[in-house]
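**Q** Sequence:
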Amino acid sequence: MWADQPISRAQNRRTTEMPVPCLLLLLKCGRINAQSSDVQDVKIRLYSLQSVKTIALSPLENALWKPCAGCRPRPLPAPVTLKASGNQLQFRNPQNPSAKAGNSRLTSAFYLTGKYRVQVSRERPLENRYPVKVTARNGILTVILSMPLEDYVAAVLAGESSNFQSDEALKAMAVAARTYAVRFRGRHKTEHFDFCDTTHCQDMRLGAVTDRQRAEVEATEGELLWFEGSPAATYYHQNCGGTTASAHETWPGTKADYLEVRADSYCLRSEHARWESRISKADLNSALLKAGVQVSPDWQSLQVDLRNRSERVQLLDVIGKDGKLAMKLSASTLRFAVGRALGWNQIKSDLYDLKASGNDLLFSGRGSGHGVGLCQEGADAMGQHGKNYREILAFYFPGTALGVSAQGLSWHLLHSEQLDLLTTNANSDAEILNPAGRILHKAQGSSGLTLKLHPILKIYPTLAIYRDSTGEPGWVAASTRGNTIRLQPSQLLQQKGVLDSTLRHEFLHLLVESNTHASLPLWFREGLVLYLADDSGRPAAAVTLAPDAMEAALQNPQNREQMQQVYASAKTTVANMVTRWGKAEVVGWLSRGIAPGALPAPSSSRSTTQTTQH
1 MWADQPISRA QNRRTTEMPV PCLLLLLKCG RINAQSSDVQ DVKIRLYSLQ SVKTIALSPL
61 ENALWKPCAG CRPRPLPAPV TLKASGNQLQ FRNPQNPSAK AGNSRLTSAF YLTGKYRVQV
121 SRERPLENRY PVKVTARNGI LTVILSMPLE DYVAAVLAGE SSNFQSDEAL KAMAVAARTY
181 AVRFRGRHKT EHFDFCDTTH CQDMRLGAVT DRQRAEVEAT EGELLWFEGS PAATYYHQNC
241 GGTTASAHET WPGTKADYLE VRADSYCLRS EHARWESRIS KADLNSALLK AGVQVSPDWQ
301 SLQVDLRNRS ERVQLLDVIG KDGKLAMKLS ASTLRFAVGR ALGWNQIKSD LYDLKASGND
361 LLFSGRGSGH GVGLCQEGAD AMGQHGKNYR EILAFYFPGT ALGVSAQGLS WHLLHSEQLD
421 LLTTNANSDA EILNPAGRIL HKAQGSSGLT LKLHPILKIY PTLAIYRDST GEPGWVAAST
481 RGNTIRLQPS QLLQQKGVLD STLRHEFLHL LVESNTHASL PLWFREGLVL YLADDSGRPA
541 AAVTLAPDAM EAALQNPQNR EQMQQVYASA KTTVANMVTR WGKAEVVGWL SRGIAPGALP
601 APSSSRSTTQ TTQH
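Taking this note's numbering, the leading residue of the sequence shown gets 1, the next gets one more, and so forth.
No lab work stands behind these hints: they were computed from the structure. C-beta atoms are modelled at their ideal positions from N, C-alpha and C, and glycine is treated no differently. Just so you know, not all the hints are guaranteed correct.
Simulated restraints on C-beta separations [said to hold, decoys possible]:
{"hint": "1", "residue 1": "G597", "residue 2": "N87", "range": "45 to 55 Å"}
{"hint": "2", "residue 1": "E218", "residue 2": "R262", "range": "29 to 39 Å"}
{"hint": "3", "residue 1": "G448", "residue 2": "Q50", "range": "49 to 59 Å"}
{"hint": "4", "residue 1": "R340", "residue 2": "Q495", "range": "52 to 62 Å"}
{"hint": "5", "residue 1": "L106", "residue 2": "S357", "range": "38 to 48 Å"}
{"hint": "6", "residue 1": "N434", "residue 2": "R185", "range": "38 to 48 Å"}
{"hint": "7", "residue 1": "S428", "residue 2": "Q50", "range": "49 to 59 Å"}
{"hint": "8", "residue 1": "H441", "residue 2": "W581", "range": "20 to 30 Å"}
{"hint": "9", "residue 1": "P557", "residue 2": "T54", "range": "27 to 37 Å"}
{"hint": "10", "residue 1": "R309", "residue 2": "S428", "range": "44 to 54 Å"}
{"hint": "11", "residue 1": "Q300", "residue 2": "S410", "range": "52 to 62 Å"}
Work the whole structure out from these sequences, hints included.
**A** Structure (structure tokens):
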């Protein structure tokens, strides 16, 4: 039965915004059961620092909207503008956008999937495929995006590490950003999202992710830093000024043995290593008042009272006009007050010396940021001096273990002539290399296609780690991204009797994708893979969906049952094409495009095109 068959998914190689679900494995075995609920995407609030009152959403490809989580999604045929009205959204009905009067409606939420464009005033338009939810509260819009963890990490690299020169430093930052996200997930739980898009959590830039940043994220996929069985608190900052800070001294109550004071000479050559700033007493007084700190307007001077072990200022004395102590002031209070009022480049860190100059105060400091954990400019310098990302992480987080699990499991790369294998269990998984090579060779022969890239098999040690790393549910046996086939544990697939058929299926997908024409729709590529992978001789199932319906469903998967229907229709549609045109001709369309007149009728002219809705 369809419901008892494991599924494989692959990423559309021309779509980088988010993984696109593909490929149903037509296997004889029973279902691979998940041991826990499916992994949820990370929920990010966009435009966190703005009071957004209006947002425009424009459909680009297969955009579907609905006014509630349980409502049936409907096509979004035209751009829609959402306006906050108290705790409600006001907008013109997308199904009748040309109507003028009496067509405005209110709703508590607006859900959108597919590919679309977001436009907020004074911001560049943003295009993506991540599901978005828009709500309103007290006249302000809340825009929450759901995205896979690995894509979130790539967006964080674009925001936090865009100027990195070293690839190894980028890998270290990817691990740090990923671990931070796992450790502090749900930071804004009471507000119904995980993270904001600012440095309060991690600065992320969705539209600025580069291929290089994405590659370093994929190179470290799923890897975390662990300490005593839990993800470490992987704080980071721009420049430590030659000495990292203690987490406990920076944030009393935070204790982590791996976040202590240590000398760091790597960052001292940076332009941010040393800085000076002149601030008038009047400006300081104004900044403190804006921050709610009451100081006497006639105070005379500011003096350092206490430093911590890293020589960062902890307490300052405010001296009154009588030369006596007027009040104590924490250095962090001063830095944040000045930063918010006068700019964050005025007092870049708490590592400084201070002296008076007439009506001004002169700050001579080092570093930028809080100084705890990984020094970004130091890490970049380490990478440029030949250190790898493991060494960089070990330097800044000593005592932690790098791996895909709390046991510190690490990846081992095994080579063969036809493919490479990434595994945490080299002894047992090494025996898969030769059989996999033979399966790949057979797939090339039966399809008549030549692989134009060197494949990598990545076998995860546990089902939980596979789900957490790939974002796939337990019933998805494998997923392909780029040239990497990501597999559930090999022993589990062998026990179910599906390892060979899974590998064959994924190799066929790599063959199809590496030879595909830019014009080919996703349903055709998926259907062709399913056709080539099936050697059972069973008759094809009935076609229940037309091409446009299949394409829309593949771009916006709703549930497992819907996907099973879509893949069955895609396979049968391609099988019918082969019957009429011949296998060689249909496979040849990969490089030329589908022949004119070969496409089935669109859904508007067919009566059996309804997808399963839930």
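**Q** Could you check the structure against the hints above and give me the numbers of any it violates, in ascending order?
**A** 5
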